[in-house]
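Input sequences plus hints: build the corresponding full structure.
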Amino acid sequence: MSAPSSSLLSHSAGAITDVAGIEVGHFTETRRPTGCTVIMAREGAVAGVDVRGAAPGTRETDLLSPGNLVQQVHAVMLAGGSAWGLASAEGAMRWMEERGIGMDVRFGTLPIVPAAVLFDLPLGDARIRPDAAAGYAACEAASTAAPAEGNVGAGTGALVGKLFGVHRAMKGGVGTASVKVGGVTVGALIAVNSLGDVIDHDTGQPVAGARTEDGNALLDTRRALLRGLSPKPLLAGTNTTIGVIATDAVLTKVQANRLATVAHDGLARAINPVHTMSDGDTLFALATGRVPLEGDAPGMTVLSTMAAEAVAIATLRAVHAARTVTVGELHIPCAADLGKARG
Numbered sequence: 001m002s003a004p005s006s007s008l009l010s011h012s013a014g015a016i017t018d019v020a021g022i023e024v025g026h027f028t029e030t031r032r033p034t035g036c037t038v039i040m041a042r043e044g045a046v047a048g049v050d051v052r053g054a055a056p057g058t059r060e061t062d063l064l065s066p067g068n069l070v071q072q073v074h075a076v077m078l079a080g081g082s083a084w085g086l087a088s089a090e091g092a093m094r095w096m097e098e099r100g101i102g103m104d105v106r107f108g109t110l111p112i113v114p115a116a117v118l119f120d121l122p123l124g125d126a127r128i129r130p131d132a133a134a135g136y137a138a139c140e141a142a143s144t145a146a147p148a149e150g151n152v153g154a155g156t157g158a159l160v161g162k163l164f165g166v167h168r169a170m171k172g173g174v175g176t177a178s179v180k181v182g183g184v185t186v187g188a189l190i191a192v193n194s195l196g197d198v199i200d201h202d203t204g205q206p207v208a209g210a211r212t213e214d215g216n217a218l219l220d221t222r223r224a225l226l227r228g229l230s231p232k233p234l235l236a237g238t239n240t241t242i243g244v245i246a247t248d249a250v251l252t253k254v255q256a257n258r259l260a261t262v263a264h265d266g267l268a269r270a271i272n273p274v275h276t277m278s279d280g281d282t283l284f285a286l287a288t289g290r291v292p293l294e295g296d297a298p299g300m301t302v303l304s305t306m307a308a309e310a311v312a313i314a315t316l317r318a319v320h321a322a323r324t325v326t327v328g329e330l331h332i333p334c335a336a337d338l339g340k341a342r343g
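Numbering-wise, full-length UniProt numbering puts 281 at position 281 of the sequence shown, and it's gapless, one number per residue.
No lab work stands behind these hints: they were computed from the structure.
It is possible that part of the hints are untrue.
Pairwise CB distance ranges (calculated) [said to hold, decoys possible]:
(1) Ala83 with Ala13: 28 to 34 Å
(2) Lys340 with Leu63: 43 to 49 Å
(3) Arg94 with Lys340: 22 to 28 Å
Cβ atoms here follow ideal geometry from the backbone N, Cα and C, with glycine treated the same way.
Okay, here's the thing in structure tokens:
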């Protein structure tokens, strides 16, 4: 197992760790492109979730329903490895239990760690995937510094634009951003592994996604589908964009769930098509409760706008930070290398 990845980048667009009480740690596997990312709230955070894709891989999402008992979580784990990657959350639980982080259940502390996974098995040996040891290592690497982006953690094996075959896809990854308004911060961290193209939401143009048959240019999946071009047969669940939105605002569980819901607007701006039958798109929301929403503080409408914006920016940053990978005969270019000759 490789060493955990530490924070590497500074961000003009901010990062989810700009939210007080949030830490991020990556574990990046070196034997094949895969990994996991933990978003930690040691002191607990009110949480919500919204699952929009039709093929999700998740853990503890029912717990986050507003009508259910537990009010706070202590981390969210995002991982590659498809359903096997959910095991990484067990490592996070063990790491936090050892440090007394979690809900007091009289007989000890019980860390609450929801999780979501993406499908990254086409790259390399699919028997290598994040496990409990990987989740533990991600927690060891967690800090309040701006997290690394691109081919790290849960985004290490992520691809985008697979509607016409993996061989015509491009590299996805992890991206992060934050937005600040009126003394409140909303941040997002997104692992982008979408079936659809990633779009620059300011220009409406594809940045990364399905390529033309010669591999040298973007196809523009939306336009291709509307022209009647037939996609390749798809295996359900072989895509999926997952992520976390965090804010320092004081929110109820109902409000946290609403924030997760409207944050998907950011995915809809930045990915096309999105929320498909072959995606398991899932977003969590965490509220660390440092800033009361009173007086002139932003209300839920402003917070919702901030969340969608942070998600859209983070999604775009994920593909801009991604780097080209070659595994066996599969060559997957990143946005920066599209059209360049292979060395």
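Each hint tested on the structure:
Here the CB-CB span from Ala83 to Ala13 is close to 32 Å, well matched to the stated 28 to 34 Å. Against the hinted window of 43 to 49 Å, the Cβ-Cβ separation of Lys340 and Leu63 comes to about 46 Å, which satisfies the hint. The given range of 22 to 28 Å is broken by Arg94 and Lys340, whose C-beta atoms sit roughly 44 Å from each other.
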